[in-house]
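Participant: Going down the list, the sequences are from chains A, B and C. Quick note: this note's numbering has the first sequence finishing at residue 494, numbered continuously throughout. Quick note: this note's numbering has the second sequence finishing at residue 844, numbered continuously throughout. Quick note: this note's numbering has the third sequence finishing at residue 238, numbered continuously throughout.
Treat the hints with care, since some could be wrong.
[Said to hold, decoys possible] Quick list of in silico lysine to aspartate or glutamate cross-link-like pairs, EDC-like style, CA-CA up to 20 Å: (1) B:LYS726 / B:ASP770; (2) A:LYS29 / A:GLU143; (3) B:LYS726 / B:ASP737; (4) A:LYS107 / A:GLU363; (5) B:LYS739 / B:GLU344; (6) B:LYS726 / B:ASP383; (7) A:LYS369 / B:GLU295; (8) C:LYS162 / C:ASP234; (9) A:LYS369 / B:ASP770; (10) B:LYS350 / B:ASP485; (11) A:LYS369 / B:GLU347; (12) B:LYS488 / B:GLU296; (13) B:LYS350 / A:GLU363; (14) A:LYS369 / B:GLU346; (15) A:LYS369 / A:GLU446; (16) C:LYS162 / C:GLU229; (17) A:LYS369 / B:GLU296; (18) B:LYS739 / B:GLU456.
[Unchecked claim] Selected chain B positions facing chain A (in silico; Cβ < 7 Å): (19) SER249; (20) ILE252; (21) GLU329; (22) GLU347; (23) GLN353; (24) VAL364; (25) ARG752; (26) ARG756; (27) VAL769; (28) VAL773.
[Claimed, not checked] Pulled from the structure, derived: some chain A residues nowhere near chain B, Cβ distances all over 12 Å: (29) LEU26; (30) LEU27; (31) LYS107; (32) ALA154; (33) ALA185; (34) PRO206; (35) ALA207; (36) PHE209; (37) VAL294; (38) ALA297; (39) ARG355; (40) SER407.
Hints were generated in silico from the structure; no laboratory data involved. Glycine is no exception: its CB is placed at the ideal position from the N, C-alpha and C atoms.
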Amino acid sequence: MLPLLTMIVFLPLLGAVVTALLPKSRPDLPRQVALGVTLADLALVAILVARFDVSGGFQFMERASWVPEAGIQYLMAVDGISLPLLFLSALLMPIAVIASWKIDDRPAFYFAMLQLLAVGMNGVFVALDFVLFYVFWELVLVPMYFMIALWGGPRREYAAIKFFLYTLFGSVFMLVGILALYLHPAGGTFDMIALADSGLPAGFQWWVFAAFFLGFAVKVPVFPFHTWLPDAHVEAPTAGSVLLAGILLKMGTYGFVRVSLPILPEASASWAPFVALLGVISIVYGAAVAFAQTDLKKLVAYSSVSHMGFVMLGIAAGTAEGLNGAVAIMFAHGVITGMLFLLVGMVYERTRTRTIAEVSGLSKQAPVAAGMLAFASFASLGLPGLAGFPGEFLSLVGAWRSELIAPGYVIVAAIGVLLAAAYMLWMVQRVVLGTQSGTVEGITDLTRVEIAILVPLVVITIGMGVYWSSLLRYVDPAVGALLASMGAM
Amino acid sequence: MAYVALIPLLPALAFAVLAPLSRAVRNRMRWVGVAGVAGSLALSFAAFAAVWPGGDEGEATYRASASIASVGGVDLALGILLDPVSAVMLIVITVVAVCVQVYSLDYMRHEERIGWYYAVLSLFTAAMLALVLADNFLMLYMSWEVMGLCSYLLIGFWHEREEPRKASQKAFLTTRVGDVGFAIGLAVMYATTGSFAFDVVLGSAAGWAPGVATAVALLLLFGAMGKSAQVPLHVWLPDAMAGPTPASALIHAATMVAAGVYLVARALPIFEASGIALTVTMVIGATTALVGGLLALVQFDLKKVLAYSTISQLGYMFVAIGAGGAVAGMFHLVTHAFFKSLLFLGAGVIIHALHTQDMREMGGLGRRMPWTAATFGAGALALAGIAPFSGFWSKDEILYAVWKGHHYVVFALALAAAFVTAFYVARLWFRVFMGAPRTLAAFAGHADTDHGDEDHGGHDGGHDESAADRRGETRWPMVLLGVITAGIGFSAPFFSEFLGHAGHWPDPMIASVSMGVALAGLGAGWWVYGRRAGAVDTEAIKARFRPAYSALDAKIYFDAAYERLAIRPFIRVTESLAVFDRIVVDGVVNGAAVLWRTATDLSWGFDRRVIDGVVNGTARLSRSAGVALRRLQSGRVQTYQRYVLGALVLLMLLIVVKGA
Amino acid sequence: MIEVGPAAFMGLAAVLFTLGLYGAVARKSAVMVLMSLELMAVSVNLNVVALSRFVTPTEMTGQVFAIFTMVVSAAEIGLGLALVLAIYRQTRSIELTTMDSLKG
């Protein structure tokens with residue numbers, strides 16, 4: 006049996022090295038190599054999905070000793086929670102490459118960085134050894150830093166440094182947590198699976214949870230750790246925004262599901278009200294601030310804060326519905342927000358502005374772009390029948406069902422759904438509808454290539470929205486297993 | 185029986201075919217929409233025949249379900265439940281939908297985006313059909329929201345103009361306020377029973393804790409109030425009239441707005457388990473019935489009169505359900521769907537002919553547009569509650585249910601609403617159809633001919649040159665609806681039996697009271713608006729009823745209150761939150777960065793000045809010593825000689841002194 | 135006849151030495167400085183011869199020493215003048231104030 010996960014994770018690394026070494030005289034080669042590599046990676050993930058056994062727990066496990074002196078292993082596997090995220094990462098990569106097709110400033114470096122990013126993102130979702138996990142986690146920062154700092158907007162240096170330092174600040178605490186688990190007599194290993202059965206004392210768990218919480222919360226980001234996000238999004242190139250919102254944010258919430266819940270179950274329960282509170286604040290606060298934004302990208306960025314709040318609420322609930330909902334939002338948000346950022350990028354390319362007040366009446370001049378933007382907005386505001394709905398609905402229901410969360414939180418979160426409709430419609434109202442503004446005058450509609458990269462996302466959005474099981478059949482058994490293991494503690 | 189699933193799927197398929205096409209192709213393919221709905225209509229009749237002769241509510245003739253997700257061991261499904269209630273609703277929806285779609289073929293034919301119009305209309309029909317066929321609350325909620333989307337898209341169909349754009353947003357958001365309640369209600373329901381299925385939830389409702397039942401019932405009611413435009417969430421419906429008139433007929437009169445009534449009727453066991461919730465439903469319904477009627481009195485926009493009348497009639501349905509006459513409520517839903525869509529289609533013809541929606545500019549249309557006047561008249565009499573038109577029968581049943589439930593105050597309110605209704609119907613009739621034509625367009629019409637339309641996209645679709653009835657696509661749907669309106673009332677007892685209740689003919693006492701009130705309303709309307717042939721002096725009426733009139737004119741301040749108490753504060757809050765975010769939250773981060781920079785500067789300074797200072801100080805000392813001493817070495821021989829001399833003198837002095 | 139004692143010789147020598155010292159320190163011309171140095175050497179020789187005559191009249195130590203000194207100072211003055219000439223060729227000047235290239 007081939008080491009499928011290793012191939013999936015490290016194929017982009019190979020691609021990155023090859024891309025970096027390509028001759029400068031052929032500036033079109035890097036993007037072609039990158040596209041080929043990411044498509045091959047997607048194909049590998051598709052094989053993985055096809056071979057995946059929905060009720061089989063951790064699968065495709067690869068275990069090898071890495072640093073035997075410290076008990077560090079090369080340990081990778083996927084389950085129903087990480088598989089959708091791995092798929093999402095592999096899916097968004099070729100789209101990001103195509104969205105970057107016009108990058109002509111140091112293309113070899115750019116596409117090498119893009120593929121390096123894929124290594125880190127894929128790796129985080131399959132690593133089950135803490136050291137490996139941490140390595141991938143930090144690996145993600147470097148290419149993203151360069152993408153923002155070198156190919157970003159006018160305030161790129163500020164944004165890139167803020168992004169880098171802020172998330173690094175968080176992950177240092179995570180490292181402390183990892184070491185604490187390793188050094189504790191009941192822990193003593195970096196193996197996440199083994200740690201989940203280790204039965205750590207509750208008081209110790211509380212502190213470790215706090216450390217991990219800081220690391221994950223910054224990444225998610227949860228209010229009040231979110232301010233790096235709008236800056237990073239606004240300055241990042243389109244592909245950077247897509248991957249940042251689509252994958253990087255999920256790393257934080259994935260961390261909660263993969264690390265905090267199974268390894269620190271008691272602490273998760275005692276922290277749940279606090280986590281839920283921050284989640285609810287993020288929902289309402291993100292929505293309210295999004296409403297006041299004048300920049301399209303910032304609006305989408307704050308909407309991400311709001312949506313990730315729903316994920317946090319679902320995780321804090323600790324019920325089957327809540328966790329299913331959390332993973333569903335993670336996936337759906339990746340697809341929908343990816344779509345939104347792609348569209349904002351496409352509109353920006355044509356109008357040279359992202360200021361909402363300066364773009365209006367898109368639907369007349371560019372009906373396809375306008376239709377797609379409206380579609381993505383409705384998906385984002387959680388319209389039933391589209392992908393945004395199942396997750397939000399399930400996390401609300403799950404949170405209501407949970408004994409850990411006060412009903413008041415759920416009511417406030419439900420109002421967040423209303424606010425999401427408000428800021429999204431307000432945006433659609435101004436940008437898509439109405440009379441044409443001067444910036445829209447004479448712009449071309451989406452090209453075939455642009456439509457081609459959006460269509461898969463549209464199809465997934467509808468498919469998942471109508472037939473929830475297309476995603477949840479992978480997630481639900483894994484969530485069940487996770488809850489069973491937590492309950493057994 | 186699997187064809188039942190096709191009933192919502194056919195229009196959905198029509199949407200799926202139309203939506204991805206390019207505008208030009210889509211515009212030519214609008215027959216796809218009509219075909220889809222026509223197919224649904226045929227299948228609905230088949231389903232109705234299968235259900236015949238009816239029976240208990242919820243007693244399924246056919247059920248099927250497909251799981252869309254399994255969460256924590258619970259299957260969430262899209263399921264179909266065909267029972268008498270849903271069969272009736274299927275007929276109502278498909279008949280009105282077919283009429284509206286056929287009518288639109290002519291009415292909307294000059295629209296640049298008619299293909300899109302048909303696509304959305306089909307999607308709407310699919311969602312509404314799915315809603316009434318749903319066998320669980322989740323699917324009901326999902327269809328509910330999709331209808332909301334379609335309503336949004338159709339209200340904002342002419343989005344280049346600001347008014348429809350604003351109205352569509354207002355409609356979506358206002359109904360979504362209700363939906364928040366609905367969603368929470370679903371969460372509570374699920375937490376209580378672990379299911380969304382009707383039979384599980386409704387079957388167990390009687391055993392719930394009263395608090396839970398009340399909470400769920402009121403939350404569902406809140407959702408229904410949003411969708412069915414009940415006070416205080418009614419504000420969106422009059423504005424929604426900015427959409428194309430046929431769409432208003434289907435969505436904002438006949439079907440979607442009735443979904444709230446349908447929801448409450450479906451969830452009746454929960455309301456009954458609560459008890460209080462029924463009373464709340466009735467009170468809200470009665471308030472709405474009266475408020476809607478009163479507001480209709482002061483409107484000059486033809487469609488807005490009808491919109492407020494819709495609000496008022498929906499209030500009647502809530503009253504019925506609250507008073508325990510769910511069947512009466514459902515029957516009123518059915519009759520109202522027919523006569524109100526008829527009225528809207530008639531209004532569409534008038535608006536097209538006269539280029540205006542302002543009733544003050546109409547008049548004398550009765551002679552010019554006999555077909556329209558006849559069908560519209562049937563609808564108006566039904567609305568006013570005059571026997572034998574359908575509205576009379578259903579209103580009578582409602583009043584009967586309220587009377588029998590000993591809710592005398594509500595009964596009085598309902599009668600008052602009936603009077604007001606008849607009054608504004610008379611006002612509308614005399615202003616529009618009677619008297620002298622008040623505009624050239626109203627005057628110049630000649631009957632029953634087809635006219636080419638020139639302009640389009642302007643006010644409400646294309647306009648005809650003159651006041652005249654429209655051609656066949658427009659006329660026959662109206663005639664069909666008119667016939668139904670005139671005749672369906674006689675089915676009242678059978679309708680009850682079909683839904684599994686004892687049927688009865690109108691109670692003579694109640695019937696005569698309601699007829700009397702309705703006739704009194706019409707008479708009063710005639711007294712004010714129809715007695716003299718000339719124009720009615722609106723200003724005189726306004727002056728006479730100053731405080732009441734200005735309150736009504738300001739929509740009883742609901743909109744202003746929302747604007748002042750909710751929307752503007754919300755925008756202010758978001759703006760200040762955005763500032764807060766930038767200055768405080770981000771300020772803390774940047775502050776931390778600045779602090780850190782300062783700290784590093786300080787420690788760098790310490791390092792440079794103190795630690796490195798010691799090292800550098802030694803160097804600098806030797807260096808400055810060198811600089812100082814350098815001056816001694818002038819390079820001039822004689823200087824050195826002087827040093828030597830000086831040193832010699834010093835030595836000698838030293839020897840002299842020491843020696844001494 | 136006036137008794138000429140050692141004091142007279144020593145006084146003369148002191149006057150000569152002082153003149154030489156002054157010249158050596160104060161004159162600007164290198165030639166003048168050399169001459170002043172010679173003057174001081176002469177005054178020292180005078181002292182040496184005079185003291186030898188008066189303190190140890192039987193021995194000729196002082197006179198011999200003076201001869202040596204004169205030879206050395208003649209050689210010295212020759213070398214000095216040669217240097218001054220060489221410097222003059224380089225700089226067209228024999229002023230000592232300009233000769234400071236060894237300054238620190």
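Participant: All hints, please: hold or fail.
Facilitator: Hints versus structure:
| no. | hint | verdict |
| --- | --- | --- |
| 1 | B:LYS726 / B:ASP770 | violated, 56 Å |
| 2 | A:LYS29 / A:GLU143 | violated, 29 Å |
| 3 | B:LYS726 / B:ASP737 | holds, 10 Å |
| 4 | A:LYS107 / A:GLU363 | violated, 24 Å |
| 5 | B:LYS739 / B:GLU344 | violated, 26 Å |
| 6 | B:LYS726 / B:ASP383 | violated, 54 Å |
| 7 | A:LYS369 / B:GLU295 | holds, 14 Å |
| 8 | C:LYS162 / C:ASP234 | holds, 13 Å |
| 9 | A:LYS369 / B:ASP770 | violated, 38 Å |
| 10 | B:LYS350 / B:ASP485 | holds, 18 Å |
| 11 | A:LYS369 / B:GLU347 | holds, 18 Å |
| 12 | B:LYS488 / B:GLU296 | violated, 26 Å |
| 13 | B:LYS350 / A:GLU363 | holds, 19 Å |
| 14 | A:LYS369 / B:GLU346 | holds, 15 Å |
| 15 | A:LYS369 / A:GLU446 | holds, 10 Å |
| 16 | C:LYS162 / C:GLU229 | holds, 5 Å |
| 17 | A:LYS369 / B:GLU296 | holds, 11 Å |
| 18 | B:LYS739 / B:GLU456 | violated, 33 Å |
| 19 | SER249 | violated, 13 Å |
| 20 | ILE252 | holds, 5 Å |
| 21 | GLU329 | holds, 4 Å |
| 22 | GLU347 | violated, 12 Å |
| 23 | GLN353 | holds, 5 Å |
| 24 | VAL364 | holds, 5 Å |
| 25 | ARG752 | violated, 13 Å |
| 26 | ARG756 | violated, 10 Å |
| 27 | VAL769 | holds, 5 Å |
| 28 | VAL773 | holds, 5 Å |
| 29 | LEU26 | holds, 37 Å |
| 30 | LEU27 | holds, 37 Å |
| 31 | LYS107 | holds, 26 Å |
| 32 | ALA154 | holds, 16 Å |
| 33 | ALA185 | holds, 24 Å |
| 34 | PRO206 | holds, 29 Å |
| 35 | ALA207 | holds, 25 Å |
| 36 | PHE209 | holds, 29 Å |
| 37 | VAL294 | violated, 5 Å |
| 38 | ALA297 | violated, 4 Å |
| 39 | ARG355 | holds, 20 Å |
| 40 | SER407 | violated, 9 Å |
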